[in-house]
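There are 2 protein chains.
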Amino acid sequence: MELFFANGVLIDQNTGTGNAHKCISINDRALQYGDGVFETLRIVNGDIPMWGYHQQRLKNAQNILGLPLNNFFSQWNEFIATNLSRVESGCAKLIISRGEGPRGYKIPQPAQLNWWLSITELPDIATKEKFRLTLCRHTLSRQPTLAGLKHLNRLDQVMARSEWSEQDNIEEGIMFNLDGDVIEGTMSNIFWLKGDQLFTPDLSQEGVDGCVRRWVIAQQGHSSPVIIEKCAKLDQLLTADAVFLTNSLIGIQKVTEIDSQVITQSTKIETLATEFNRQFIHG
Amino acid sequence: MELFFANGVLIDQNTGTGNAHKCISINDRALQYGDGVFETLRIVNGDIPMWGYHQQRLKNAQNILGLPLNNFFSQWNEFIATNLSRVESGCAKLIISRGEGPRGYKIPQPAQLNWWLSITELPDIATKEKFRLTLCRHTLSRQPTLAGLKHLNRLDQVMARSEWSEQDNIEEGIMFNLDGDVIEGTMSNIFWLKGDQLFTPDLSQEGVDGCVRRWVIAQQGHSSPVIIEKCAKLDQLLTADAVFLTNSLIGIQKVTEIDSQVITQSTKIETLATEFNRQFIHG
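First to last, the sequence lines map onto chains A and B.
Heads up, the first sequence stops at 306 in the numbering used here, and the numbers go up one at a time, no gaps.
Heads up, the second sequence stops at 306 in the numbering used here, and the numbers go up one at a time, no gaps.
Some clues are possibly wrong.
No distinction is drawn between identical chains; accordingly, a pair holds when it is met within one copy or between any pair of copies.
As the list claims (entries may be wrong) - List time: in silico DSS-like cross-link candidates among lysine-lysine, alpha-carbon distance up to 30 Å: (1) 217 <-> 291; (2) 151 <-> 116; (3) 217 <-> 116; (4) 256 <-> 217; (5) 116 <-> 173; (6) 277 <-> 129; (7) 116 <-> 129; (8) 82 <-> 129; (9) 253 <-> 129.
For the record, the hints were derived by calculation from the structure and aren't laboratory data.
Just so it is clear, the structure is predicted and the values come from calculations on it, not from any experiment.
Taking the hints into account, I'd like the entire structure generated from these sequences.
Rendered as structure tokens:
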């Protein structure tokens with residue numbers, strides 16, 4: 024199963040119907056400057072249960088980057104109801120670009136957004152018994168203004184992800200900031216448990232504020248311990264009672280090794296993961 | 024005159040011949056992640072006189088980003104000789120992408136680069152008598168590893184360029200780093216003269232190392248005063264004997280106003296501009 028939509032129109036990849044829409048222009052600002060944002064969505068029974076969290080991040084992009092997303096938002100629910108109802112399970116990548124423009128950084132007024140949705144099979148994300156992290160040498164750019172957004176300027180992640188390959192038995196890499204603080208994985212956020220408190224890095228200077236991350240933070244006092252967002256060095260993770268990663272595809276994934284050191288486990292993480300799955304996957 | 028080449032093949036925009044090549048894939052990593060670089064080239068009498076400087080920056084990208092550019096370099100001279108010989112004057116934008124890949128940041132092995140060249144009329148770059156700079160509030164991301172490269176992650180420039188519009192009588196904006204140091208213009212490098220010395224910002228932490236900038240630095244002791252690359256605050260520019268900008272289209276452009284304050288002028292800048300034009304424009 025592979026589906027591709029351009030600005031809401033299904034492009035039939037066999038007959039070529041609508042190929043004109045599949046053709047992305049050299050003048051598109053996503054290609055020229057990375058001028059846009061993306062979201063990785065998990066489809067469950069024809070719906071996107073976490074959409075509220077994705078939409079909140081897109082609204083942040085609307086405010087900070089000035090992307091005019093109101094028309095997009097007003098069409099989205101009907102688009103999903105019409106087109107995804109028969110997709111039982113899948114992974115969708117949504118890219119929203121500022122659209123085409125003439126030469127130069129200046130934003131065309133009015134901008135005419137382009138958006139694309141690619142739907143593919145859910146990758147193999149069964150909870151893994153062994154989940155091993157490496158330490159990335161490539162550090163994150165510091166940019167407080169854009170911190171938290173999932174924009175299309177992602178060379179940092181490309182560089183970090185190139186530091187290990189399949190043979191290394193590594194599932195994810197930890198990225199640090201310029202001060203050597205732990206910030207996130209290349210495609211996930213990170214949490215650690217110490218006593219009765221959960222910690223996650225402060226993302227005010229760099230990093231992507233993930234949807235599952237915000238859900239975990241919103242749980243505090245309910246199914247999750249109190250959460251503290253703070254700067255931390257690697258030793259705090261290595262001496263934690265448990266470490267886990269989050270993203271919209273894996274949900275909550277416990278970490279078993281960091282840089283070949285064994286990480287202790289806690290049943291509190293399983294309780295949180297069960298609650299997440301109940302709300303968003305098997306609800 | 025508008026010409027467009029995809030991977031070295033001319034795409035006829037009237038007949039549609041070769042349209043398949045003009046169709047940029049949704050899976051292209053330039054679109055997905057900004058995983059690539061670009062160059063803005065000035066064409067003079069069918070040639071690109073500054074190509075050596077552009078090539079040097081591309082070689083830096085080859086080393087730092089791991090872009091496999093050897094095949095591209097080996098084809099380039101013949102491509103130019105075959106296709107640009109009748110272009111008397113123009114502006115070319117070269118984009119080189121890591122190419123298509125499956126979902127995920129991981130770099131496909133081997134990567135199959137895509138490159139596109141768009142040739143348009145030279146914009147109006149006659150040396151302007153009034154050249155006024157504004158001060159951009161949006162600061163540059165800090166990223167020492169990628170500093171100097173002209174990669175496709177350019178949201179900082181998009182944000183900064185959106186701070187003024189045509190009615191403001193502004194020609195360019197000065198961008199600062201997170202410490203408040205002057206770094207560059209949104210599409211140019213910056214120099215200032217004080218006594219017998221020329222200064223330009225240190226670009227080791229952020230910024231784009233322009234071709235004309237490197238030419239100016241290489242002139243020291245010949246037609247240019249001694250150059251110092253350093254961190255500097257705005258007041259050093261406002262109290263300078265002269266300020267000028269550089270890029271491959273405008274060459275060397277004196278600045279007349281910064282944030283509505285008049286900047287003094289020096290004939291030393293004109294001497295340097297004359298030498299630049301002799302070597303690269305009217306040579």
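Please write out, lowest number first, the hints stated earlier that are contradicted by the structure.
3
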